[in-house]
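Listed in order, the protein sequences are those of chains A and B.
Counting from 1, one number per residue, gives the positions in the first sequence under my numbering.
Counting from 1, one number per residue, gives the positions in the second sequence under my numbering.
Derived by calculation from the structure, the hints in this document are not laboratory data.
A virtual CB, placed ideally from N, CA and C, is assigned to each residue, including glycine.
Treat the hints with caution; some may be incorrect.
[What the hints assert, rightly or not] Listed next, the stretches of chain B that the computed footprint assigns to chain A, with coverage defined by at least 3 CB atoms under 8 angstroms from CB atoms of chain A:
| # | region |
| --- | --- |
| 1 | 125 to 138 |
| 2 | 156 to 164 |
[Unchecked claim] Here are the simulated EDC-like cross-link-like pairs (lysine to aspartate or glutamate), alpha carbons at most 20 angstroms apart as the crow flies:
| # | chain 1 | residue 1 | chain 2 | residue 2 |
| --- | --- | --- | --- | --- |
| 3 | A | K165 | B | E165 |
| 4 | A | K210 | B | E165 |
| 5 | A | K165 | B | D147 |
| 6 | A | K78 | A | D43 |
| 7 | A | K166 | B | E119 |
| 8 | A | K78 | A | D112 |
| 9 | B | K112 | A | D207 |
| 10 | A | K210 | B | D178 |
| 11 | B | K180 | A | D207 |
| 12 | B | K84 | A | D112 |
| 13 | A | K285 | A | D217 |
| 14 | A | K386 | B | E119 |
| 15 | B | K166 | A | E336 |
| 16 | A | K386 | B | E165 |
| 17 | A | K386 | B | D178 |
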Amino acid sequence: MKILVSLIMIFSFMFASDATIEVIKKVESLPSIAVEDASVSYDDTFRLQFFKAVVADLNVISLFNVDRYHRVTEYDAKRVLVENKDKNYVLRYQMYEDDSEALNVTMKLIEDDAEVYSKSYKVKKKNIYMFIAHAMAYDINEYMGEPSVEWMKKKVIFARIVAPKKSEIVIADYTLSYQHTIVKGGFNLFPKWATKEQRSFYYTSLDGLKPTLKYVDIRTAKVKSMMSSDGMLVCSDVSRDGRTLLLTMAKHGQPDIYTYNLDTKKFRRETKYGGIDVNAQFMGKDKIIFISGRLGYPNVFSKSLVTDEIEQLVYYGRSNSACSSHGEYVVYKARETSNAFEANTFNLHLISMKTDFIRRLTATGVNEFPRFSDDGDAILFIKNYKNQSAIGIIRLNHNKNYLFPLKYGRVQSMDW
Amino acid sequence: MKSIVLSSVAVALLVFSGCSEKQPVVEKQQEVKKPVAQEVAAVETESVASDDSMVDTSTNSSSHTMSMAEIESQLSPVYFAFDKYNITPEMQQKISAAAELGKTGAADYSVKLEGNCDEWGSDEYNFALGLKRADAVKKSLVAEGIDPSRISMVSYGESNPVCTEKTQECWAKNRRVDFKLLP
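Let the sequences and hints guide you as you build the complete structure.
Spelled out as structure tokens, the structure:
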């Protein structure tokens, strides 16, 4: 009996934190939360806009069943609204404009008619209200003692195709509700943050005779040409310290993976296969994963930067053409069989280096360009479905997906 | 205490106005007991001038452009099968015709081979596929006697479609290599 119990315990510990195992039942046990608006300034349209942003962010932190009704109350009211009295939590906030036209928000979290947490926020202009909503959700998540959702405050940079050979590079918040076009005009793709601080980025310009990798400091908007390569040049990944780039370059028309050290200015060719090797991502410090056509179809491989040993990582899917890694986990894009679905469906799958499980993360449309958050808590991806392009977020440990559609154009590539 | 808070907020405002910081920064002032408003700054960035990303075509004289355009119109695209970059015999004929033109009417020009793909995927693999298509055409042109130094290549992946309908025929039209003449 003891052996049996200990075996069960070992088994449950082994799989306790395995993100490749789906959590299905958890949603029913989530506490409920309602949001009460006690704003004194601004019109109804803006109030509703802010309310929706708060509800969306509360949903994304995946800790609550969020009530979607917009209800109005007094900020200092002793009790929560009668409609909300059965809710476990009530988030009440007040928006007000001060003399300098700055947007101020004060919020309090109420549990059993008692205030348990409160905080105030301020932004200079009301059009960037979404950053307050993100900060509120971030703080509530912290208060609830959950693992940090730091990625919520990260900026997303993406290339938007607006016409054939015409694109823009845009910096946005993760919900795409704030957007600033930083590179306008021309044909510029594959933006990639240069450092974790997100103050500069690389992108590929296809306007000249040869594809050129450019570097932009977003504070000064100064653009620096880094290098050119015939045919193709993409910065696929940047090391954690920001000093080594993983590039896909095509000297003599042959797409291969190169590392480039910014300090020594030296290139090293990492792959030499005569077909296609692309999309390298750092997996720790001494290993990369990449997409190669060496089996006759695109699939995910790893390579040690020390021993040069190459290993096939994925054994499911006949066409796996994009990947991202975090720790022991690899997320990849696979083309599904075209029989059961419409012409072409691409789904994202998650595997662990330590188990044999495969978890399918998406169900319909073209899902591509997966990118892990820094802490591995979430995956950002591009979804193209029925002529609409969206950026999606997968909360791995909560088994939830959220989509944020783009108003116009199509997302080509992104980073966060 | 209040003056410290006010001055720290004032310093923060100076810092942010001075360097146009982009971080959606949320200042932490946890030690202050009173509810002090957090400054939440947005992503403020300068736009990169569009002039920088435009191709300068002002050097082309009009008569030169006309004759280039005429020759270019005779160079029809080379098409490929789904997920393939090998050249079929039918397409080889087109390349042979292009090589012949390259030795006669277009002998003064260089050529840029633009590889393209259908809409299934915006990832690097698709770009590489477009490039391998351009490279296959280049190798074929060189085999036909064209000087490789006259040929440059680029891949546009799926970002340069000539047809945007959701049909098999349309996707087939986008899996192509275009010839663009350069002076």
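So, against the hints stated earlier in the document, which numbers end up violated here? The structure conflicts with hints 4, 5, 6, 12, 13, 17, although it agrees with all the remaining ones.
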